[in-house]
Amino acid sequence: MKKKEQQNMPAGQRAGMVEPRPPFLLVLKRSSRMFLSMAPLLVGIMGLVGLVQTLVTPEMLALLFRGRPVTDTLVGTLAGAAATGNPVVSYLLGGELLQQGISLYAVTAFVLSWVTLGVIQLPMEAEMFGLRFMLLRNLLALGGTILVAVLTAFTMQVLS
Amino acid sequence: MSREERRSANGPPPFRGRLFLLLVVLAYGVLLRHDASAALLALRRGGLLLFRLLPVFAAVILLIALVNWLLRPQQIVRWLGRESGVRGWLLALLAGVISHGPMYAWYPMISDLRERGGRDGLVVVFLFARCIKVPLLPLMVDSFGLRFTLVLGLYILAGSLVQGWLMERLQR
Chain F
26 MKKKEQQNMP AGQRAGMVEP RPPFLLVLKR SSRMFLSMAP LLVGIMGLVG
76 LVQTLVTPEM LALLFRGRPV TDTLVGTLAG AAATGNPVVS YLLGGELLQQ
126 GISLYAVTAF VLSWVTLGVI QLPMEAEMFG LRFMLLRNLL ALGGTILVAV
176 LTAFTMQVLS
Chain E
339 MSREERRSAN GPPPFRGRLF LLLVVLAYGV LLRHDASAAL LALRRGGLLL
389 FRLLPVFAAV ILLIALVNWL LRPQQIVRWL GRESGVRGWL LALLAGVISH
439 GPMYAWYPMI SDLRERGGRD GLVVVFLFAR CIKVPLLPLM VDSFGLRFTL
489 VLGLYILAGS LVQGWLMERL QR
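Residue numbers (this note's numbering), protein chains in the order written: chain F, 26 to 185; chain E, 339 to 510.
Think of the hints as simulated: they come from the structure by calculation, not from any bench.
Here a beta-carbon is modelled for each residue, glycine too, at the ideal position from N, C-alpha and C.
Hints are not guaranteed to be accurate.
As the list claims (entries may be wrong) - Chain F stretches covered by chain E per the calculated footprint, using a threshold of three residues with CB under 8 Å from any CB of chain E:
hint : segment
1    : 72–84
2    : 93–100
3    : 156–162
As the list claims (entries may be wrong) - Some chain E residues near chain F, calculated using beta-carbon distances under 10 Å:
hint : residue
4    : Leu357
5    : Leu386
6    : Phe395
7    : Trp427
8    : Ile448
9    : Cys469
For reference, chain F alone in the conformation it holds in the complex (with noise of 0.2 Å):
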């Protein structure tokens, strides 16, 4: 049927009708168009990340763990919220600190919230999907990173 056909029909029997699929490199295009809208964004977190890998070291962060379970856990989850990179460096710094003695709780939350939280990427996030999502999808996050981590080494424990 023609197009201009098919502008003159009626609504309701327009709607039964399914729309003829546009072409792959249109839709590659606005897809492109939409991805390159956000390229301040992207551009503005990695200087971001750049500027807290160099602020911020490793070593710094280790200094933060005093040997206390309940407060350890508190800080690594924190720390690993403010670091960002690789998390093959989450892994590695953790297995150094589990063997300086920090307990396996603050070990496994500081490994867990380098991935899923990140306070570098919160301006994004509230840009892309609104301040409401944002607050309550790390507050599930943060609470999430916590709980996980304890019920892991407490598990743990009960399996050695």
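With chain F held as given, fit chain E onto it using these hints.
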């Protein structure tokens, strides 16, 4: 395709986060005045990160295009919307576990899916399930042991679902 849609696909993109970028540039300016070598090192690290993430960004753009091309809005709603049911939860878990790169690289795609009817609970599941990094599992086993990795993995999966469920409750 309407003329308006065609125009919006060809015109300059409406940039988001320009103020944020300006603040980051200002922070670099301040650091440059106090410690030029640290500022240059930070800039180099940020630049290297951007370069390293270019393939991830390309993959995300391609994935957004493929999803938009292959799935009609009704299908996206059926798979990731209110009526998605167990399939939606499992899909979000799987996508979170196998997704690669930093969290913020996926924000544009998540934003696009939310605008098309994707559930917030599934977004929360996806983002927390990303704690499991499949390529890094051998390293995690090496650092913490197999038992720890398995226990943590199981709790992460369960924790993701609980958070997603709580998000849906809080959004009502």
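Structure-based check of each hint:
A stretch counts as covered by a chain when three or more of its residues have a beta carbon under 8 Å from one of that chain; for the segment 72–84 of chain F and chain E the count is 8, and the coverage holds. Chain E is given as covering the segment 93–100 of chain F, and this is violated because 0 residues of the stretch bring a CB closer than 8 Å to a CB of that chain, at least three being needed. Counting residues of the segment 156–162 of chain F whose beta carbon lies closer than 8 Å to any beta carbon of chain E gives 3, which meets the minimum of three for the stated coverage. Evaluation of the E/Leu357 hint against chain F yields a held restraint, the C-beta minimum of about 9 Å falling below 10 Å.
A least Cβ separation of about 8 Å between E/Leu386 and chain F falls short of the 10 Å threshold, and the interface hint therefore holds. Because the beta carbon of E/Phe395 sits about 7 Å from the nearest beta carbon in chain F, less than 10 Å, this interface hint is met. This hint is violated: E/Trp427 has a C-beta 15 Å from the nearest C-beta of chain F, more than the 10 Å allowed. Annotation: E/Ile448 was flagged as interfacial toward chain F, and the flag holds, the nearest CB pair being 8 Å apart, inside 10 Å.
At its closest, the beta carbon of E/Cys469 sits 5 Å from a beta carbon of chain F; the interface hint therefore holds under the 10 Å criterion.
Checked against the numbered hints above, the structure breaks hints 2 and 7 and satisfies the rest.
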